[in-house]
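Q: Sequence:
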Amino acid sequence: MSERAGAAASRGEKYGGQSREERAADRRGRITQSALELFAARPYDDVTVAEVCTRAKVSKRYFYDHFTDRENLLLAVHRERNDWLLAEVAQAAPEEPADLDALFRPMMTTLVRTLFEHPETARVIYINAPRMELRRRGLLRKNAELFGGMTRRVVARPSDKVRYERTALALVAGVSEVIIDWLERGMTDDIEELVDHLTGIATALLAGLD
1 MSERAGAAAS RGEKYGGQSR EERAADRRGR ITQSALELFA ARPYDDVTVA EVCTRAKVSK
61 RYFYDHFTDR ENLLLAVHRE RNDWLLAEVA QAAPEEPADL DALFRPMMTT LVRTLFEHPE
121 TARVIYINAP RMELRRRGLL RKNAELFGGM TRRVVARPSD KVRYERTALA LVAGVSEVII
181 DWLERGMTDD IEELVDHLTG IATALLAGLD
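If you're matching positions, the sequence shown starts at 1 in the numbering used here and goes up one per residue.
None of these hints come from the bench; they were simulated from the model.
Ideal Cβ placement from N, Cα and C applies to all residues, glycine included.
Where hints are given, some of them may not hold.
What follows is a list of derived Cβ distance ranges for each label pair [what the hints assert, rightly or not]:
hint: 1; residue 1: R42; residue 2: E96; range: 43 to 53 Å
hint: 2; residue 1: R152; residue 2: D45; range: 38 to 48 Å
hint: 3; residue 1: T54; residue 2: E145; range: 30 to 40 Å
hint: 4; residue 1: E145; residue 2: Q33; range: 21 to 31 Å
hint: 5; residue 1: H66; residue 2: D45; range: 16 to 26 Å
hint: 6; residue 1: G149; residue 2: P43; range: 34 to 44 Å
hint: 7; residue 1: P43; residue 2: A204; range: 19 to 29 Å
hint: 8; residue 1: E95; residue 2: R55; range: 38 to 48 Å
hint: 9; residue 1: R61; residue 2: D160; range: 18 to 28 Å
hint: 10; residue 1: I127; residue 2: A50; range: 36 to 46 Å
Could you put the whole structure together from the sequences, leaning on the hints where they help?
A: Quick look at the structure:
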């Protein structure tokens with residue numbers, strides 16, 4: 001970048017057809033994508049900030065514009081990918097399902113197929129982010145709220161709210177463990193069979209609330 005172009009960029013003028021905000025968003029996106037690829041491929045402790053920056057083709061100065069350190073980066077990637085996955089699953093839920101099977105089968109299908117098609121996201125969410133263990137309960141509760149809310153499309157408002165919430169939490173925790181087992185065995189199981197098993201787990205747990 002020339003001195004004149006650099007000065008223009010620093011003032012927020014367009015450079016290469018992009019505003020300062022657009023350039024910053026582009027750099028952040030490249031950093032998080034590079035981090036996703038690296039954290040999915042190797043243990044957290046083997047990935048360095050310098051390596052992420054090299055892969056993203058940004059300088060460390062720009063890295064620290066967005067993240068305080070490597071752990072903060074992992075936290076952001078984990079949160080963003082989990083939120084994206086939840087949105088995909090929620091979108092798959094029918095508005096007026098006839099029963100629990102009709103509700104959960106498309107949700108489980110989307111969950112499994114999305115993870116299968118995005119193995120890097122799957123590994124970062126479920127396996128290669130051990131430092132996220134401190135957030136695990138919070139994430140489980142967040143996911144349980146989603147599943148619990150969807151279940152109310154079929155099940156009447158519960159008289160025992162605590163039981164309902166604990167059942168939803170047990171469902172999410174159980175599904176997570178099955179997904180982890182599937183990932184650790186290389187995603188070799190038949191997808192339709194896995195979807196059927198997960199749907200069966202969901203309906204069995206929640207049938208007593210119907």
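Q: Okay, which hints does this one fail, numbers in order?
A: Structure breaks hints 7, 9 and 10.
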